[in-house]
Amino acid sequence: AQSVAQPEDQVNVAEGNPLTVKCTYSVSGNPYLFWYVQYPNRGLQFLLKYITGDNLVKGSYGFEAEFNKSQTSFHLKKPSALVSDSALYFCAVRRSYNTDKLIFGTGTRLQVFP
Amino acid sequence: GAVVSQHPSWVICKSGTSVKIECRSLDFQATTMFWYRQFPKQSLMLMATSNEGSKATYEQGVEKDKFLINHASLTLSTLTVTSAHPEDSSFYICSATREGASSYEQYFGPGTRLTVT
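Chains S and E, in that order, are what the protein sequence lines are. The working numbering applies: residue 1 is where the first sequence begins, and numbers increase by one. The working numbering applies: residue 1 is where the second sequence begins, and numbers increase by one.
Accuracy of the hints is not assured; some may be wrong.
With a straight-line Cα cutoff of 20 Å, these simulated EDC-like cross-link-like pairs (lysine to aspartate or glutamate) come out [unchecked claim]:
(1) S/K58 x E/E105
(2) S/K101 x E/E52
(3) E/K55 x S/D9
(4) E/K41 x S/D85
(5) E/K14 x E/D88
(6) S/K101 x E/E105
(7) S/K77 x S/E15
(8) S/K101 x E/E59
(9) E/K66 x E/E22
(10) S/K49 x E/E99
(11) E/K41 x S/D9
(12) S/K101 x E/E99
(13) S/K49 x E/E105
(14) S/K101 x E/E63
(15) S/K77 x S/D9
(16) S/K77 x S/E66
(17) E/K41 x E/D88
(18) E/K55 x E/E22
(19) E/K41 x S/E8
Chain E is nowhere near these chain S residues, computed Cβ spacing over 10 Å in every case [claimed, not checked]:
(20) Y25
(21) R42
(22) L56
(23) K58
(24) F63
(25) P79
(26) S84
(27) D100
(28) Q111
(29) F113
Calculated directly from the structure, the hints in this document are not laboratory data. Virtual Cβ for every residue (Gly too), placed ideally from N, Cα, C.
Just need the whole structure built from these sequences, with the hints factored in.
Next up, the structure:
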């Protein structure tokens with residue numbers, strides 16, 4: 001069965017420092033991977049996706065993610081964190097190749113301190 | 001583009017009453033709409049998938065008679081929580097995929113917070 005794991009409930013980082021939010025996946029076949037961000041009492045906003053192609057995917061708001069097949073990881077990164085990046089981040093994988101259904105990780109709360 | 005709205009953004013109702021939540025794709029036609037439920041500090045749990053003009057497909061463990069889904073058009077899906085109870089209090093989020101697109105993205109609405117007293 002397809003699944004994603006976000007091993008960290010919370011990540012704390014100082015403003016200006018690089019940030020990483022971790023995600024590992026378990027899929028059969030080629031993975032379709034996504035990152036979404038959720039601000040308080042709001043729906044999810046799409047950040048980026050990996051379907052195929054370059055392992056380094058660039059997305060919205062300066063975020064990027066690196067697909068690593070050997071480590072089955074899709075970590076979200078940003079070179080310089082902003083206080084406004086503080087939010088809840090979800091990694092997701094498409095349930096199978098013939099469906100749009102997504103399976104979400106448990107989420108990681110990112111706290112950027114000034 | 002690809003904006004999804006939900007109405008209402010929050011609702012408080014009494015136990016035993018029914019509540020309808022609307023999900024609209026404002027600037028695109030949605031092939032499929034999804035309904036999720038999110039408990040505090042938890043992930044999104046898919047409740048059901050709906051396609052225009054056909055019956056919704058419910059995930060295992062979701063009561064179809066309690067959570068009625070109607071997908072009347074390519075831009076509107078509704079979720080009705082029937083005979084609501086306090087345990088139905090949650091944040092309900094819908095999403096949609098764009099007709100004809102191969103981007104594999106789901107576009108999410110802002111969510112509806114339901115509180116049952």
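Each hint, compared with the structure:
A hinted pair counts as satisfied when its Cα atoms are at most 20 Å apart, and S/K58 with E/E105 qualifies at roughly 15 Å. Simply put, S/K101 and E/E52 have alpha-carbon atoms about 16 Å apart, close enough for the 20 Å limit, and the pair holds. Taking the CA atoms of E/K55 and S/D9, the gap is near 37 Å; set against the 20 Å cutoff, the hint is violated. For the hint linking E/K41 to S/D85, the alpha-carbon distance of about 18 Å falls within 20 Å, and the restraint holds.
Note on E/K14 and E/D88: the hinted pairing holds, with a Cα-Cα distance of about 11 Å set against a maximum of 20 Å. About 10 Å separates the Cα atoms of S/K101 and E/E105, which keeps this hinted pair within 20 Å; it holds. The suggested pairing of S/K77 with S/E15 holds, with an alpha-carbon distance near 14 Å, which does not exceed 20 Å. In summary, the hint linking S/K101 to E/E59 is supported, as the alpha carbons are separated by about 11 Å, within the 20 Å threshold.
About 16 Å separates the Cα atoms of E/K66 and E/E22, which keeps this hinted pair within 20 Å; it holds. With a CA separation close to 19 Å, the supplied pair S/K49 and E/E99 stays within the 20 Å bound. The straight-line distance between the Cα atoms of E/K41 and S/D9 is roughly 10 Å, inside the 20 Å bound, and the hint therefore holds. Restraint check: the Cα-Cα separation between S/K101 and E/E99 comes to about 15 Å, which is no more than 20 Å; the hinted pair holds.
A hinted pair counts as satisfied when its Cα atoms are at most 20 Å apart, and S/K49 with E/E105 qualifies at roughly 8 Å. Of the pairs offered as hints, the one joining S/K101 and E/E63 holds, with about 19 Å between alpha carbons and a cut-off of 20 Å not exceeded. With a C-alpha separation of about 16 Å, the suggested pairing of S/K77 with S/D9 holds against the 20 Å cut-off. Straight-line distance between C-alpha atoms of S/K77 and S/E66 comes to about 8 Å, which keeps the hinted pair within the 20 Å bound.
A C-alpha spacing of about 16 Å is found between E/K41 and E/D88, which places the hinted pair at or below 20 Å, so the restraint holds. Restraint check for E/K55 and E/E22: the C-alpha separation of about 17 Å stays at or below 20 Å, so the hint holds. A threshold of 20 Å between alpha carbons decides the hint, and for E/K41 with S/E8 the separation of about 13 Å falls inside it, so the pair holds. Every Cβ of chain E is farther than 10 Å from the Cβ of S/Y25; the closest lies at roughly 14 Å, confirming the non-interface assignment.
The Cβ of S/R42 sits about 5 Å from the closest Cβ of chain E, inside the 10 Å cut-off, so the non-interface label is violated. At the 10 Å boundary, the C-beta of S/L56 stays outside the reach of chain E, the nearest C-beta of that chain being 18 Å off. For S/K58, the non-interface assignment is confirmed: its Cβ lies about 15 Å from the closest Cβ of chain E, beyond the 10 Å cut-off. The beta carbon of S/F63 is kept farther than 10 Å from every beta carbon of chain E, the shortest such distance being approximately 15 Å.
Non-interface status of S/P79 relative to chain E is upheld: no Cβ of that chain comes within 10 Å, the nearest being about 24 Å off. Every CB of chain E is more than 10 Å from the CB of S/S84 (nearest about 18 Å), matching its label as outside the interface. Listed as outside the interface, S/D100 is inconsistent with that label: its C-beta sits roughly 5 Å from the nearest C-beta of chain E, within the 10 Å cut-off. For S/Q111, the requirement that its beta carbon stay farther than 10 Å from each beta carbon of chain E is met, with the minimum near 14 Å.
With a minimum CB-CB distance of about 20 Å to chain E, S/F113 clears the 10 Å threshold, and the non-interface call stands.
When held up to the earlier numbered hints, the structure conflicts with 3, 21, 27 and fits the remainder.
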